[in-house]
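Line by line, the protein sequences are chains Y and B. Residue numbers for the first sequence follow our numbering, beginning at 1 and rising by one. Residue numbers for the second sequence follow our numbering, beginning at 1 and rising by one.
No lab work stands behind these hints: they were computed from the structure. None of the values given here were measured: they were computed from a predicted structure. Among the hints, erroneous ones may be present.
What the simulated footprint calls covered on chain Y by chain B, stretch by stretch (three residues with Cβ under 8 Å from a Cβ of chain B suffice, anywhere in the stretch; the number is not a length) [to be verified]: (1) 7 to 13; (2) 98 to 106; (3) 204 to 217.
If you anchor each label on the Cβ, the simulated ranges turn out as follows [said to hold, decoys possible]: (4) Y:250 with B:127: 36 to 42 Å; (5) B:170 with Y:18: 37 to 43 Å; (6) B:123 with Y:2: 26 to 32 Å; (7) Y:4 with B:131: 39 to 45 Å; (8) Y:3 with B:58: 45 to 51 Å; (9) Y:181 with B:92: 51 to 57 Å; (10) Y:19 with B:58: 36 to 42 Å; (11) B:285 with Y:90: 43 to 49 Å; (12) B:131 with Y:90: 51 to 57 Å.
Take a look, some chain Y residues computed to stay more than 10 Å from chain B by CB distance [unchecked claim]: (13) 1; (14) 29; (15) 57; (16) 119; (17) 136; (18) 141; (19) 145; (20) 177; (21) 180; (22) 195; (23) 221; (24) 226.
Where a beta carbon is used, it is the ideal one built from N, C-alpha and C, also for glycine.
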Amino acid sequence: MNIQQLWVAYATLVRKEIKRFTRIWVQTLLPPVITMSLYFIIFGKLIGERIGEMSGTPYITFVVPGLVMMAVINNSYSNVVSSFFSAKFNRSIEELQVSPTPSSIIIAGYISGGALRGLLIGIIVTTVSFFFTSVAIHNVFITLVVIVLAAVLFSLAGFINAVFANSFDDISIIPTFVLTPLTYLGGVFYSIDMLPTFGQILSQFNPILYLVNSFRYGILGISDINIGAAITGLCLMVVALYGVCWYLLEKTHKLKQ
Amino acid sequence: MVPALAITGLTKTYGNGFTALKGIDLTVEQGDFFALLGPNGAGKSTTIGIISSLIQKTTGNVSVFGCNTDTQFSQAKQYLGLVPQEFNFHVFEKVFDIVVNQAGYYGLPKSQAVSRANELLKQLDLWDKRDTQARMLSGGMKRRLMIARALVHKPKLLVLDEPTAGVDIELRRSMWEFLQRINREGTTIILTTHYLEEAEQLCRNIAIINDGKIAENTNTKELLKRLDCEVFILDCDIQPNTLPPLHGYTLTQSDENTLEVEITKGQSLNAVFNHLSQHAINITSMRNKTNRLEELFVKLVNKGTA
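With the hints as extra help, turn the sequences into a complete structure.
In structure tokens, the structure reads:
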């Protein structure tokens, strides 16, 4: 396939993914709005007013970046894992397998779809947050880089999960038992300075901590970590996970019998 | 002229140890209408799966119009269109989107994809259903949708894995006409089917696969010539009181107005008709007891498994 044909194949996949998650918007776009609104009301308003400030910022403002990031991570991951696994389950993935579309474009198409849903949810949740608090962005560049990296990273992770999944149970195990605990323990609702030394050391191994703090730095200008190192690490993880996805499709024939 | 499909030494052993293909060699010439027949589990779908890159082969080579499916997979896939046995589209997608998206996966620009989809959906009587979700289609419509999808990028080789399974006779015949037309227009077609009259009617060449090996690969007419015995059913207008014996022929009465006659090579039906006329038995209609190809198929498959 030449460059133009590759672009057509990529655009087709992305358009199909966008159509998919907008067609079922009640399942994909609405729930995060409701969930995050509840977080803002309960943690931000009701409990937050009693907590007061965290890292020198009103608590409700402090949790905004974390909640946006949590929504982006969950939705990017779940979009790709459910879409790609469904394609495997109903065998519509064969439409791509019989075509000359290369593995790199298949990955890029699904990841773009997942990342776009994550980013759209991020925008929606940020808009919802304006009803509860006012947030001015401290560093637009870092904010955008981090949120795009997060969306891409967790779309890639969702893709890997979908390739290995053999049943619908398999696509909910990782989000329930890995992603949710890591997100809650990744500094969404607190600063890791509040943790005992052991907890702080343990948190250093949680990749979501770096995402939440980098994003919080971009929006509020406060962070518990080194931003440069965090973004470099995230870029390396994106490259590594892309490599794993490509290897799974191209070399292990995971989708073939 | 390079063949449309060339398979050499193809083997496939699945992860559970089952060997589905035991070294297949097969050549399909350009422009052919070729039947790949065999009993269930013989290896037909595995062969098609390997040709279309859905199944990983163990050993062997597959070339489509001279392009090796391992080393020139992109070009080989451009030449190939597949209509699989089972429905494999997203049931919540609209008919039109399914066809247009497939064109996109082959790199066809949107404008060309839309015009090609319009053309195919009209030809296959799916135009009225273009905005319907695929799950709402009848079985026959779903089959036609898979044919439209497989043809959207104008493949030179179309592989159909039991395309008329479960389709009513009227629709089956209209699909035959459609396939014959695109074959006349230059598309090479490989067909697997359990309806042997379909293969006899449509295909110029036939390969019979049995137990992972090619049991027969020849011209349809040549294959049918090998049939050394045929049984005909004769419908009579009156009930014969006693069936007069005919020397050298096996003539039996199967019910009140029906006779069966076995004709072996070198024997003539005229002798039977003359004999019955002499005894005032009029024949009103005649047909083969079983499809001719079916008889050969059963013999070849039984020979292979014996």
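The hints, checked one at a time:
| no. | hint | in the structure |
| --- | --- | --- |
| 1 | 7 to 13 | holds (count 5) |
| 2 | 98 to 106 | holds (count 5) |
| 3 | 204 to 217 | violated (count 0) |
| 4 | Y:250 with B:127: 36 to 42 Å | 39 Å, holds |
| 5 | B:170 with Y:18: 37 to 43 Å | 40 Å, holds |
| 6 | B:123 with Y:2: 26 to 32 Å | 29 Å, holds |
| 7 | Y:4 with B:131: 39 to 45 Å | 29 Å, violated |
| 8 | Y:3 with B:58: 45 to 51 Å | 35 Å, violated |
| 9 | Y:181 with B:92: 51 to 57 Å | 33 Å, violated |
| 10 | Y:19 with B:58: 36 to 42 Å | 39 Å, holds |
| 11 | B:285 with Y:90: 43 to 49 Å | 47 Å, holds |
| 12 | B:131 with Y:90: 51 to 57 Å | 20 Å, violated |
| 13 | 1 | 5 Å, violated |
| 14 | 29 | 17 Å, holds |
| 15 | 57 | 44 Å, holds |
| 16 | 119 | 23 Å, holds |
| 17 | 136 | 41 Å, holds |
| 18 | 141 | 34 Å, holds |
| 19 | 145 | 30 Å, holds |
| 20 | 177 | 28 Å, holds |
| 21 | 180 | 28 Å, holds |
| 22 | 195 | 46 Å, holds |
| 23 | 221 | 44 Å, holds |
| 24 | 226 | 43 Å, holds |
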